[in-house]
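Peer 1: Protein chains in written order, with my numbering: chain A, 1 to 446; chain B, 1 to 446.
Just so you know, not all the hints are guaranteed correct.
Identical chains share a label here; the pair holds if one copy fits it or two copies do between them.
[Stated by the list, open to error] Pairs of lysine-lysine, BS3-like flavour, derived with a Cα cap of 30 Å: (1) Lys19 x Lys67; (2) Lys8 x Lys388; (3) Lys166 x Lys96; (4) Lys323 x Lys359; (5) Lys359 x Lys8; (6) Lys8 x Lys417; (7) Lys96 x Lys323; (8) Lys323 x Lys302; (9) Lys281 x Lys96.
Note that these hints are calculated values from the structure, not bench results.
2 protein chains.
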Amino acid sequence: MTDIQGYKGVSYNLLSKSKVSIGDFIDVKTNNESIQGSLMPRYEYADDQHIVIKMSNGYNVGLRTKKIISIKLITKRSAPSFQPPKTPKLDPKLPKVAIIGTGGTIASRVDYRTGGVHPQFSTNELYAIVPEIGKYAQIHTEPLLNIYSEHINADHWNIIAEKTVKEITEGFDGIIIAHGTDTMGYTSAALSFALSNSPVPIILVGSQRSTDRPSSDAALNLIGAVASVTRIPFSGVYVAMHGSVNDSTVAIHRGTRVRKNHTSRRDAFQSIDISPVAFFKDEKVEVLTEDLPLKNSSLQFKARCQFEKDVALIKFYPSFNYKIIDHLVDSGYRGIVFEGTGLGHLGEDCYQSIDDAVKKGLLVGMTSQCIWGRVNLTVYDSGRDLLKIGVIPLGDMLPETALVKMMWALGNAQSGKEAEILMHENIAGEYLERSTFERRKKYEFI
Amino acid sequence: MTDIQGYKGVSYNLLSKSKVSIGDFIDVKTNNESIQGSLMPRYEYADDQHIVIKMSNGYNVGLRTKKIISIKLITKRSAPSFQPPKTPKLDPKLPKVAIIGTGGTIASRVDYRTGGVHPQFSTNELYAIVPEIGKYAQIHTEPLLNIYSEHINADHWNIIAEKTVKEITEGFDGIIIAHGTDTMGYTSAALSFALSNSPVPIILVGSQRSTDRPSSDAALNLIGAVASVTRIPFSGVYVAMHGSVNDSTVAIHRGTRVRKNHTSRRDAFQSIDISPVAFFKDEKVEVLTEDLPLKNSSLQFKARCQFEKDVALIKFYPSFNYKIIDHLVDSGYRGIVFEGTGLGHLGEDCYQSIDDAVKKGLLVGMTSQCIWGRVNLTVYDSGRDLLKIGVIPLGDMLPETALVKMMWALGNAQSGKEAEILMHENIAGEYLERSTFERRKKYEFI
Numbered sequence: 001m002t003d004i005q006g007y008k009g010v011s012y013n014l015l016s017k018s019k020v021s022i023g024d025f026i027d028v029k030t031n032n033e034s035i036q037g038s039l040m041p042r043y044e045y046a047d048d049q050h051i052v053i054k055m056s057n058g059y060n061v062g063l064r065t066k067k068i069i070s071i072k073l074i075t076k077r078s079a080p081s082f083q084p085p086k087t088p089k090l091d092p093k094l095p096k097v098a099i100i101g102t103g104g105t106i107a108s109r110v111d112y113r114t115g116g117v118h119p120q121f122s123t124n125e126l127y128a129i130v131p132e133i134g135k136y137a138q139i140h141t142e143p144l145l146n147i148y149s150e151h152i153n154a155d156h157w158n159i160i161a162e163k164t165v166k167e168i169t170e171g172f173d174g175i176i177i178a179h180g181t182d183t184m185g186y187t188s189a190a191l192s193f194a195l196s197n198s199p200v201p202i203i204l205v206g207s208q209r210s211t212d213r214p215s216s217d218a219a220l221n222l223i224g225a226v227a228s229v230t231r232i233p234f235s236g237v238y239v240a241m242h243g244s245v246n247d248s249t250v251a252i253h254r255g256t257r258v259r260k261n262h263t264s265r266r267d268a269f270q271s272i273d274i275s276p277v278a279f280f281k282d283e284k285v286e287v288l289t290e291d292l293p294l295k296n297s298s299l300q301f302k303a304r305c306q307f308e309k310d311v312a313l314i315k316f317y318p319s320f321n322y323k324i325i326d327h328l329v330d331s332g333y334r335g336i337v338f339e340g341t342g343l344g345h346l347g348e349d350c351y352q353s354i355d356d357a358v359k360k361g362l363l364v365g366m367t368s369q370c371i372w373g374r375v376n377l378t379v380y381d382s383g384r385d386l387l388k389i390g391v392i393p394l395g396d397m398l399p400e401t402a403l404v405k406m407m408w409a410l411g412n413a414q415s416g417k418e419a420e421i422l423m424h425e426n427i428a429g430e431y432l433e434r435s436t437f438e439r440r441k442k443y444e445f446i
Numbered sequence: 001m002t003d004i005q006g007y008k009g010v011s012y013n014l015l016s017k018s019k020v021s022i023g024d025f026i027d028v029k030t031n032n033e034s035i036q037g038s039l040m041p042r043y044e045y046a047d048d049q050h051i052v053i054k055m056s057n058g059y060n061v062g063l064r065t066k067k068i069i070s071i072k073l074i075t076k077r078s079a080p081s082f083q084p085p086k087t088p089k090l091d092p093k094l095p096k097v098a099i100i101g102t103g104g105t106i107a108s109r110v111d112y113r114t115g116g117v118h119p120q121f122s123t124n125e126l127y128a129i130v131p132e133i134g135k136y137a138q139i140h141t142e143p144l145l146n147i148y149s150e151h152i153n154a155d156h157w158n159i160i161a162e163k164t165v166k167e168i169t170e171g172f173d174g175i176i177i178a179h180g181t182d183t184m185g186y187t188s189a190a191l192s193f194a195l196s197n198s199p200v201p202i203i204l205v206g207s208q209r210s211t212d213r214p215s216s217d218a219a220l221n222l223i224g225a226v227a228s229v230t231r232i233p234f235s236g237v238y239v240a241m242h243g244s245v246n247d248s249t250v251a252i253h254r255g256t257r258v259r260k261n262h263t264s265r266r267d268a269f270q271s272i273d274i275s276p277v278a279f280f281k282d283e284k285v286e287v288l289t290e291d292l293p294l295k296n297s298s299l300q301f302k303a304r305c306q307f308e309k310d311v312a313l314i315k316f317y318p319s320f321n322y323k324i325i326d327h328l329v330d331s332g333y334r335g336i337v338f339e340g341t342g343l344g345h346l347g348e349d350c351y352q353s354i355d356d357a358v359k360k361g362l363l364v365g366m367t368s369q370c371i372w373g374r375v376n377l378t379v380y381d382s383g384r385d386l387l388k389i390g391v392i393p394l395g396d397m398l399p400e401t402a403l404v405k406m407m408w409a410l411g412n413a414q415s416g417k418e419a420e421i422l423m424h425e426n427i428a429g430e431y432l433e434r435s436t437f438e439r440r441k442k443y444e445f446i
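Please model the complete structure; the sequences and the hints are all you need to start from.
Peer 2: Structural data, given as structure tokens:
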């Protein structure tokens with residue numbers, strides 16, 4: 001009996017007749033070519049007019065059934081071998097780095113049997129796949145979660161933060177967190193606030209393309225993260241992702257100033273309004289700033305890992321209905337961060353609802369949906385009206401970072417007033433100090 | 001009696017004693033300099049430690065009261081003269097262009113008396129201030145609204161669209177709409193759908209800095225808009241704004257693909273995922289594409305100017321509470337556009353609420369908060385689950401454009417089904433045809 005998950009109709013009949021199964025290495029002849037590869041499963045909504053095989057160069061190809069002349073089995077799928085690779089010999093003088101796995105493309109391989117994505121995360125497996133990391137550090141892996149990052153929420157931030165604290169107290173010289181890219185910017189902001197003043201650097205790393213694809217960015221990003229976590233002299237939380245379209249550079253971004261600005265490109269992550277903190281290229285780490293808190297294991301480090309979930313991020317748009325604000329207030333929310341227009345504006349029919357929210361004790365902050373630049377509520381009377389109501393202008397803080405910060409401030413402060421004071425303080429570079437970094441003339445991809 | 005609006009405490013006392021009023025041209029001596037200029041009003045939240053004067057180069061300067069040795073009146077503020085400028089001689093062969101005023105920085109001047117911003121919009125005043133526009137067209141101005149664009153909503157889109165139709169039927173060869181920059185991208189999308197197939201081009205123009213500032217972009221943007229509306233051979237709706245940091249280039253962006261990406265820079269507007277349609281520089285219009293619908297006054301033109309207001313744009317974030325979706329459904333909303341993460345994902349605890357929304361007949365569309373790139377709901381099972389529920393994937397449509405399009409589709413279609421079909425059609429370049437434009441290698445500012 002053949003196992004041809006996901007195929008149906010014409011393609012199902014063709015594969016059944018040929019007696020091949022998912023994962024088999026097969027030869028497919030069409031009227032103008034002959035192609036060898038592993039038969040891949042199809043997803044539920046696929047048509048029945050194609051079969052898909054993965055060629056040895058790593059690419060998948062879809063072949064139209066009506067062009068197919070014959071399908072022949074070359075070798076049956078072999079049972080996966082689970083011979084764990086051996087630990088390589090490591091220099092005991094190398095720094096010790098913990099890699100915490102939370103899920104996402106970086107920590108996964110495609111199972112040819114099911115098409116599913118599986119975690120692949122033992123230390124020895126990592127050494128086997130990316131041996132270069134052994135040059136920079138003695139690695140210890142810690143699988144913690146296995147979640148697509150769109151499903152990661154504030155409870156997971158807490159779990160990741162506490163695990164990181166544990167690894168720091170166990171004496172690791174740097175912490176890497178493998179994470180899905182979808183919400184990596186939110187998690188990096190959360191850890192930046194929870195673990196500010198960490199005695200060692202913490203770097204989140206992800207990949208946009210899975211390790212079974214030739215264009216995967218997983219290996220270089222991981223090497224860049226490991227090299228950088230051992231070389232940069234700073235405390236704090238960072239994100240390591242491709243820094244250019246070619247496969248040569250990893251950019252290290254500050255955790256509160258980074259954003260995923262492209263759905264699919266490998267260099268999707270950008271530092272906003274500043275330069276990255278460092279670049280990894282040709283096995284070297286080039287640090288671009290001197291003005292960040294230095295790492296220091298004797299530093300007084302007090303993690304604050306709580307997050308309040310009843311905080312909303314609201315993007316304003318024309319004809320936005322103020323009743324959404326009323327609903328949040330009535331539902332017991334403790335804070336709202338707006339993405340206003342331009343310098344931080346909202347339609348005037350929202351003012352009354354915001355006034356009510358502030359009077360009921362909610363923190364209300366203002367950021368801009370422009371993403372780049374800073375809000376300024378004193379230029380136009382639209383802004384001055386909001387200031388008068390009690391809206392907190394959040395400077396050049398990213399909207400996503402502002403949301404996370406308000407969740408953190410309300411989660412850890414003893415009172416709303418204390419949380420409001422925290423919103424004005426610069427905890428982890430979320431307010432840009434103009435003198436600290438050379439501001440980039442063009443806010444472009446590198 | 002002196003008139004020193006906004007000043008208080010120390011600065012009030014100093015100005016009172018000196019017997020000067022807002023708008024007076026004064027000389028201020030400090031312990032190390034002597035500065036002349038007009039006394040400006042202060043806003044409500046200003047401190048009492050500074051006075052502000054506007055120098056003859058247009059810049060405002062704040063002077064610390066404790067450094068001021070003396071303040072002397074040079075000339076009293078003169079009453080404003082309202083001698084309307086004369087109409088210049090115009091070449092009757094030049095194309096006829098209507099400029100519709102809706103408000104915003106482009107159409108305003110600062111009143112030195114109050115610090116307020118006032119409309120300045122007669123045809124002759126425009127010729128007097130920006131005489132260059134007379135080289136390209138015979139101008140007719142039409143003040144329509146005078147609203148900061150953060151207060152513009154779907155009712156105003158309707159008013160602007162209908163006024164534009166009226167001007168087109170009166171035979172103008174091009175229409176310019178002066179508009180505040182905050183929501184100009186939303187309005188340009190609204191007009192793109194309402195007035196698709198317009199027989200003549202329609203260009204929205206704004207400015208980031210008011211005309212009284214030496215760095216104002218108002219004049220060049222207006223000249224670029226007038227020149228382009230007479231020269232580009234296409235139908236459709238566009239946005240004309242500074243195309244570079246220096247004061248030399250105006251970029252013409254397609255109305256459905258443009259976004260304000262910086263709070264304050266003059267080149268804040270960017271075409272997303274494509275190149276601008278044209279550039280104006282050195283009095284020339286360079287058109288960069290050939291593949292847009294040509295303008296044609298004999299074309300069948302049917303405006304569809306209605307917009308449904310009960311549509312929400314919801315940006316997803318970690319710990320987003322699905323009850324916000326339930327609230328919209330219970331409130332009778334007809335559509336929701338999500339800004340998902342990455343390729344178009346949401347947390348799984350939202351699925352049930354979205355399923356309910358779709359079953360109750362709401363249109364639910366998916367875009368990405370990444371801004372650049374396109375959603376793809378078939379790569380991960382997170383996306384496939386949403387497809388199965390009935391979420392409409394919106395390709396590379398901008399979130400803001402997707403919101404406006406859904407408001408328009410629901411406003412003009414006879415049924416929800418017809419609106420859903422419209423969401424899948426490419427009406428005005430909101431779905432990018434990859435072959436049409438050369439895709440830019442870097443998505444950066446020009």
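Peer 1: Hints first: check each against the structure and report whether it holds.
Peer 2: Status of each hint after checking the structure:
no., hint, result
1, Lys19 x Lys67, "within (19 Å within a copy, 92 Å between copies)"
2, Lys8 x Lys388, "between (63 Å within a copy, 17 Å between copies)"
3, Lys166 x Lys96, "within (14 Å within a copy, 73 Å between copies)"
4, Lys323 x Lys359, "both (16 Å within a copy, 23 Å between copies)"
5, Lys359 x Lys8, "between (60 Å within a copy, 27 Å between copies)"
6, Lys8 x Lys417, "between (61 Å within a copy, 28 Å between copies)"
7, Lys96 x Lys323, "neither (53 Å within a copy, 45 Å between copies)"
8, Lys323 x Lys302, "neither (40 Å within a copy, 35 Å between copies)"
9, Lys281 x Lys96, "within (22 Å within a copy, 57 Å between copies)"
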